[in-house]
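> Put chain Y on the given structure of chain V with help from the hints.
Take a look at the letters that make up each chain.
Number of protein chains: 2
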Amino acid sequence: MKRTRISDIARILEVSPSTVSRAINYKEGISDELREKILNVAQEMNYSFIVKNNNKELYKRIGIIIPDISNQFFSKILYGVQSVLIKEDFSIFFANTDENNETEEKYLKNLMDMNVDGIISAPSAGVNKKVYYQVLERGIPVLFFDRKIEGLNVSSVTLNNYDAVFMAIRNLVENGHKRIACVSGIPEIYTGHQRLIAFKQIMKIFNLQSDMIITGNFNEYDTKNEVKKFLSENKPTAIFSSNNKSTLGLLETIKEMKLKIPDDLSIIGFDPEPWTELLDIATISQPRFSIGSLAAQMLLREIQKKNDVIQNIVLSPELRVNNSIKKIN
Amino acid sequence: MKRTRISDIARILEVSPSTVSRAINYKEGISDELREKILNVAQEMNYSFIVKNNNKELYKRIGIIIPDISNQFFSKILYGVQSVLIKEDFSIFFANTDENNETEEKYLKNLMDMNVDGIISAPSAGVNKKVYYQVLERGIPVLFFDRKIEGLNVSSVTLNNYDAVFMAIRNLVENGHKRIACVSGIPEIYTGHQRLIAFKQIMKIFNLQSDMIITGNFNEYDTKNEVKKFLSENKPTAIFSSNNKSTLGLLETIKEMKLKIPDDLSIIGFDPEPWTELLDIATISQPRFSIGSLAAQMLLREIQKKNDVIQNIVLSPELRVNNSIKKIN
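Just so you know, the protein sequences line up as chains V and Y, in that order. Per the numbering used here, residue 1 is the first one in the first sequence, and the count goes up by one each step. Per the numbering used here, residue 1 is the first one in the second sequence, and the count goes up by one each step.
Chain V extracted, bound-state conformation (with noise of 0.2 Å):
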């Protein structure tokens, strides 16, 4: 295959060399709508855009930006980083975000002053791209895992979050369920809004009600509250989850409710954890090891220049069975 070249792109979208190398250098100096059509034309054409970084030394650390350092699905998937960069010697940094653009985008600029030779982030809902530009310009490679942001070409490594939920919806009717709510994440996050548009297609697709939704913002608090108003006023045989911290918050107004699992409502969850365990509740499960020790193995392999190609993996989610779903006859 022909390797595609700037001249290539430039002259498809009848602009300048130079506008379109600014683009994928990811310059300052072009409009956000331009750079974006020139990325998505170069994307397709299957132009690489792996950073070219002059075989600098390196310092043999990179960062990790994680929106939530209390979610244990985080502290999982760094096992799996580690797994591949300790070996290679090379010294871990994390920060936590809390969700909150603005200090993503302090502490993104904190790690191209720190010298990482890579990042690895979950970047948070509304994140001004322009960082991330600025660290690709730097030569420093990015890696997304859990979550994309649209108009940036880097590699990632994903859920296939409609698998996930498909998964689980599919569980449910099997066993008969036909009034199932939902427990939805953040919308404006990546997985909150891919798992929420899931569940309203495949239940669609089961011909069920598909706007039994409760917002529980992938946090224990809002889905207590949240789900106590709920179940005062709507009466679903089960209800899916969409995080492990939801989950929490559902078990706990259960309980109070002194509801029984699964004989009064029948629950299944993402993300398994030593408790959905103990507590023997069906959870659709991640492959949180690969995921950390896939994004390693790419973003190594990108600061060793030894690819050139930007990959976006997509895994497959499991159901994990487990005695919290009812069967209705």
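Treat each hint with caution, since some may be false.
If several chains are the same, the list does not tell them apart, and a pair holds so long as it fits within one copy or across any two.
[Said to hold, decoys possible] DSS-like cross-link-like pairs, simulated, lysine-lysine; straight-line CA separation at most 30 Å:
id, residue 1, residue 2
1, 224, 87
2, 260, 200
3, 27, 60
4, 76, 258
5, 87, 258
6, 178, 27
7, 129, 229
8, 76, 229
9, 130, 87
10, 258, 327
Honestly, the hints are just simulated from the structure, not real lab data.
Relative to the frame of chain V, chain Y by itself:
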């Protein structure tokens, strides 16, 4: 009170002031034994150890050394740290050592190169003090939390572990328990050591058998296996577990053996988590947020040179009663 000078310490120990200065400023060139002796006398005489860093410009970033990022205990402390430092526009970067002292030494060296203004650390067992000497010599203040290293005069925020174990055992004794076992932590770690020693002492005070020790090493898997072995040969009426991960392992074994809490076995854990509440497990609670916020406040005052006294703050635990302890007549 007269301020202690280097010459005062030199006179008492009959060494030269430059030797005292070398010890106190963490410079090489004197034996570890002599350094220890000098530091002990200096501390007794209330010498001000605080690093003077000549009004250097602040980078507004601090590093945190965490031994086990998958333990929620540490993530809660982080929220305390953040509550103080984010307001002051500091960026916070952590490193996870997995209780490995070589990793810790590598991370400390990296943090120095990355120009952090201060370091908050829960040091792992057996870490080489000399790396901390280097950090202090560079004028970077260090603050220990959860754990301390003997012979390093830095401020710290820790728990009163003796009181914590006493609260747990007293509650069991008041409920009529006599055969009480302890799931111990990693004995080389400060908290593991303190809690094990406290358990043995307190059981003796109550005139009870003090050798029912199950080595849990602060992790789920060792605890699970060791508890299974222990319960096949011993019949305690109650088990005290000395951290949250060992409580998980303990509960997994109890579930597997189909024992009922508290009818067959009473349980008291360490560190409440959402799942200990869901499962009605009594716990000893540490003021995690305060540990973090106090550590950050104290470090900040050292960075800003508003403080020149070493403070070792010891916080009090609280008992969180629940339905996991049976009353025995």
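> Each of the hints needs a verdict: does it hold here or not?
Checked hints:
no.	hint	verdict
1	224 x 87	between (42 Å within a copy, 29 Å between copies)
2	260 x 200	within (27 Å within a copy, 41 Å between copies)
3	27 x 60	both (26 Å within a copy, 27 Å between copies)
4	76 x 258	between (32 Å within a copy, 29 Å between copies)
5	87 x 258	neither (50 Å within a copy, 41 Å between copies)
6	178 x 27	neither (52 Å within a copy, 72 Å between copies)
7	129 x 229	neither (38 Å within a copy, 55 Å between copies)
8	76 x 229	between (33 Å within a copy, 28 Å between copies)
9	130 x 87	between (33 Å within a copy, 24 Å between copies)
10	258 x 327	both (20 Å within a copy, 24 Å between copies)
The structure fails to meet hints 5, 6, 7 from the earlier list, while all remaining hints are met.
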